[in-house]
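Engineer: So the chains spell out like this:
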Amino acid sequence: MMTDERFDVVVIGGGPGGTRTASGVSRLGLSTLILEKRERIGYPVRCAEAIGPAEGIARYIDVKEPFVTSVVNGLTIVSPDGKRYQKEMKGIGYIVDRELLDLHIAEAACSNGAVLRTGHQATGLIREDGKVVGVNVLELSTRRKYRVQSKITVGSDGVESLSPRWAGLKGPTRVDEIFSCAQYLVECVDLPDKYVEFHLSSTFAPGGYGWVFPKGNGSANIGVGINPELASGLTARDYLEKFMDRVCPEGDRKRFVCGGTLLSDSLPSLAVDGFIAVGEAANQNNPFTGGGILNAIMAGDMAATTICRCFEKGDFSSSGLSTYTKEWKRNEGRMNKRFYLAGKVFYSLDDRTMDKVLSALNTREGLITRKGLGSAKLIGVLLRSSPSLLGKTLMKALSARKRSRKTFSGLNT
Amino acid sequence: MSERDVEKNIDLICIDDSKCIVCGACVAVCPTEALIIEGLTLKSVPERCRPCGQAALVCPTGALRCPQKGEKSKNG
Ligand SMILES: Cc1cc2nc3c(=O)[nH]c(=O)nc-3n(C[C@H](O)[C@H](O)[C@H](O)COP(=O)(O)OP(=O)(O)OC[C@H]3O[C@@H](n4cnc5c(N)ncnc54)[C@H](O)[C@@H]3O)c2cc1C
Ligand code: SF4
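Chains as they are written, first to last, in the numbering used here: chain A, 1 to 413; chain B, 1 to 76.
In case anyone wonders, no lab produced these hints; they're calculated from the structure.
Since the model is a prediction, treat every value here as computed from it, not as a measurement.
All C-beta atoms in this analysis are idealised placements derived from N, C-alpha and C, irrespective of residue type, glycine included.
Some clues are possibly wrong.
[Stated by the list, open to error] If you anchor each label on the Cβ, the simulated ranges turn out as follows:
id : chain 1 : residue 1 : chain 2 : residue 2 : range
1  : B       : E38       : A       : E312      : 35 to 41 Å
2  : A       : D193      : B       : S18       : 33 to 39 Å
3  : B       : D16       : A       : A360      : 43 to 49 Å
4  : A       : P66       : B       : R65       : 41 to 47 Å
5  : B       : R65       : A       : E312      : 48 to 54 Å
For reference, chain A alone in the conformation it holds in the complex (with noise of 0.2 Å):
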C-alpha cells in the first residue's frame, strides 16, 4: 500500500549538491528528507578526486578534515608534442578522498536534522496544478512504494540526473557534450608527487585529456576524458590503457573507476514551481574540465539560501526560486559560459594547433593564478592563434544546440 509522507524539503541525490543543501536548509529548522537510491554515501567513487583552488574551498569547508589526501603545489601541461608547461603554486589545490569528503557533508546534514535514507530511489515526481508538490520512492530491498509530499523538490541526482528531465528543465545531454572517462587508482608509481599533470594529445585522449593526479603516499588517479564522438570506435577505457602505457607502464592498479561528466553550458533556469536542481544534475559543473566537487557545493549554498527565503514568504512558485538562478547567473554561470565556449574551441584543436596555442598560452603571464583558470584571458589566446576556427566551432555549436533542443521535443511528445 502506499503511505504518505511529508516534509518540508525532499532532496533526490546524496552527492555534495544535495547533502549540502540538506545541510544548509535543515540548519534554519526546515524538515528536510535526502533519498540516495546506492546504499552507501559516495561508492563507488565516481571520480579524480581534485578540487580547487584552495581559497574557494576553504571558504565552504575546514581542510584539515581527514578526507584530504595531498596537497596540489603546481600544475604541468604535456602537450601533444610532448612539451612539459609547469607552473608553481604552492598549495593551490587538493587531492581528497571522495568518499570520506561525501560522507562529510552528509554527516553536517545529518546532524543539521536532515533525515538521510540510503537504497531509496525516487521514480518520479508528483505534481498537482502542474507544481511540483513531491516525489514518489522506490525503497530497493523491500520493493514497497511510496510517496513524499513536499514543498520543494530538490533534484541533486547527478550526472544520470532524471528527476530535472521530468520537471521539464532540461533535455538529454548531447555525446559532444559529456567526457566518457575511464581511470585507474595506482600504486608504488614514479610520478610527480605534489603537482597534477594534464596531457593534451588526440592519441591518447580525443577531444579532452589525460591526466595524473598524486594522492600522496605513492599513488595517484590517473585517467582519461574523451569526446566520445572523436572515439572512433574505441572506448574511453581503451585510451586508458594507452595512456597508461605512456605514463605508467608498471603501476599496480587498484581500483578501476569510469563515469561520464558534463561540459554542458548551465541551463537557462533552475527552478520550476517546487522544484529546484542542483550539481551536476543542473549542468552546473565547469565546462572545461569537467570538475564539478566545488560547484555542487557552491550551487547548494546558493539553493539553501533560496528555500529558506521562500518559506519566510510562503512563496514556492518559480518565480520565487528564481532567486537562485539569477544568483547562480551572476556567479559561477557567468564563467562556466566562458568555459563553455573556451572548451568548444581548445578541445577541437589538432595535435599541431594545440602545441601553438599551448606555447602560446605558456607565455601568457596570469593564465593561471591562484584563482583558478582565466577564461577570458583563454578565449584571448584562442582567437589570437585561430580565430576562424574560433567562429567556426561556435556557430556549429550554436547549431547543434537547436538541433538537439528540436531533437528532445519531438521524443517527448
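With chain A's structure known, arrange chain B with the ligands on it following the hints.
Structural biologist: Structure of chain B with the ligands alone, referenced to chain A:
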C-alpha cells in the same frame, strides 16, 4: 522486462554485465529514458528505445550495444 530478456528477445539494447560498472553516462545521453539505474543495476526499458546509438557511443567500457537508426535488430 530486464536487459537480459532484451538480449534474448528483441535485441535492441544489449548490456554486457561483465563490463558495465553502472556509471550512468549512458543514462545522461539516452533521449528517451530507455536506460535507468536502479540502485546499482543498469536496466533497460526496451519499448522506449528508438535506436539512435547515442548511449553505446559514450559508454567508457564498451558495455552497451544499441543499434543505430536504420540498423535492423536481429528480430526484425
Ligand atoms: C571519472 C570522473 C572524474 C571526475 N573527476 C573530478 C575531479 O577531479 N574534480 C571534480 O571537481 N569533479 C570531478 N568529477 C565530477 C564530479 O564527480 C561531479 O561533478 C560531482 O560529483 C557532482 O556532484 P553532485 O552532487 O551534483 O552529483 P553526484 O555526486 O553524482 O551525486 C548524485 C547522487 O544522486 C544519486 N541518485 C541519482 N539518481 C537518483 C534517484 N533517482 N534517487 C535517489 N538518488 C539518486 C546518485 O546515486 C548519486 O549518489 C569527475 C567525474 C567523473 C565521472
Ligand atoms: S555507460 Fe556503460 S558502464 Fe556506464 S552505466 Fe552505461 S553501460 Fe554501464
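Engineer: Going through the numbered hints above, which ones does this structure break? Give me the numbers in ascending order.
Structural biologist: No hint contradicted; all consistent.
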